[in-house]
Amino acid sequence: MATLEELARAPQDMNQWHLSICSHVAESRRVIEELSKEDPPTEPFKSKYAGRNMLKSALQRSQSFNPSTDQETSRVRCAQATIFYYIGQVSVEVEEPKEAEKNLQSCLDVIGLEPVNKYNISLRLHAHNVLATVWSGRNDHDKAYQLLEKGKELHAGYLHSKEPPPR
1 MATLEELARA
11 PQDMNQWHLS
21 ICSHVAESRR
31 VIEELSKEDP
41 PTEPFKSKYA
51 GRNMLKSALQ
61 RSQSFNPSTD
71 QETSRVRCAQ
81 ATIFYYIGQV
91 SVEVEEPKEA
101 EKNLQSCLDV
111 IGLEPVNKYN
121 ISLRLHAHNV
131 LATVWSGRND
141 HDKAYQLLEK
151 GKELHAGYLH
161 SKEPPPR
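Start counting the sequence shown at 1; every next residue gets the next number (my numbering).
Check the hints yourself; a few may be wrong.
[Unchecked claim] Pairs of lysine to any residue residues, derived as SDA-like cross-links and limited to a Cα-Cα distance of at most 20 Å, are as follows: (1) Lys102 / Arg77; (2) Lys143 / Glu101; (3) Lys37 / His18; (4) Lys152 / Lys162; (5) Lys98 / Glu34.
By construction, these hints were calculated from the structure, which means they are not laboratory data.
All figures in this text were calculated on a predicted structure; none of them were measured in a lab.
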């Protein structure tokens, strides 16, 4: 697992950058999913906060890469949208709906710059669904319903496209 310092010194090669970001995100997910099971009752979200901070660092690192091609731009956006999604998901788990909303909406905004395809349809649907739960928790069922409907429309549109389904 690369440290942030190592990531900062890493050459600006797209494949190396992508592997570094993926490694950092995977480690943060491990902290969130596995180490959080061992958190003391007095600090039930300790590991989730640590993992979220790691995700925020990975996001900051992802924003420092300067893509030189359209394909690189697309990969960077996908990585950033995924990180925003994970930060939003953790924010839901630690009961911070405002933070969750902000990051889930950022996920949708960033991935919205890309065409719907087999690489991002699942992320879009998950982000809409989790964001709908945030609004439902605020008792704004109309907004929650609109988000679920938008996800349903995206899914239907994707199914009717000529794009092969994700594996």
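| Which numbered hints are broken by the structure, listed smallest first? | Checked against the structure, the hints that fail are numbers 3 and 5, while the rest are satisfied.
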